[in-house]
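Build the full structure now, drawing on both the sequences and the hints.
Heads up, the sequence shown is in the UniProt record's numbering, so the first residue is 1 and it goes up one at a time.
Since the hints were derived computationally from the structure, they do not count as laboratory data. Here a beta-carbon is modelled for each residue, glycine too, at the ideal position from N, C-alpha and C. One or more hints might be untrue.
The calculated label-pair distances, taken between Cβ atoms and stated as ranges, are [to be verified]:
#, residue 1, residue 2, range
1, A43, A19, 35 to 43 Å
2, M1, E58, 17 to 25 Å
3, L46, W16, 34 to 42 Å
4, L48, V22, 24 to 32 Å
5, E62, G14, 27 to 35 Å
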Amino acid sequence: MIVSYFEWVQANQGYWWRADEVESRLEARMLSAWQHVLGYAEARGLSLRTAATALAVERVAEAHRLRGLDP
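Below, the structure is given as structure tokens:
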């Protein structure tokens, strides 16, 4: 999914990354996501699966709130 997003960005911006640049960007995103989920899990005593789900729900809820979509 992340690499598909990278392709979309490149197409919209009219520039292209080499394969090694895509891999480097993907690795950075994956490591960042892992660190966030691990930290969230450890801080709340959750399993990684539960932490990933809870973090995702929090992020979506915050995005809705910021856009004024809060009920």
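Hints and how they fare:
1. One distance hint, 35 to 43 Å for the beta-carbon pair A43 and A19, holds here, with the actual separation near 36 Å.
2. Range check, M1 to E58: Cβ separation about 19 Å, and the 17 to 25 Å hint holds.
3. Between L46 and W16, the C-beta spacing of about 40 Å keeps the proposed range 34 to 42 Å intact.
4. The hinted window of 24 to 32 Å between L48 and V22 holds, with their beta carbons roughly 26 Å apart.
5. The supplied range of 27 to 35 Å is met by E62 and G14, whose beta-carbon atoms lie about 32 Å from each other.
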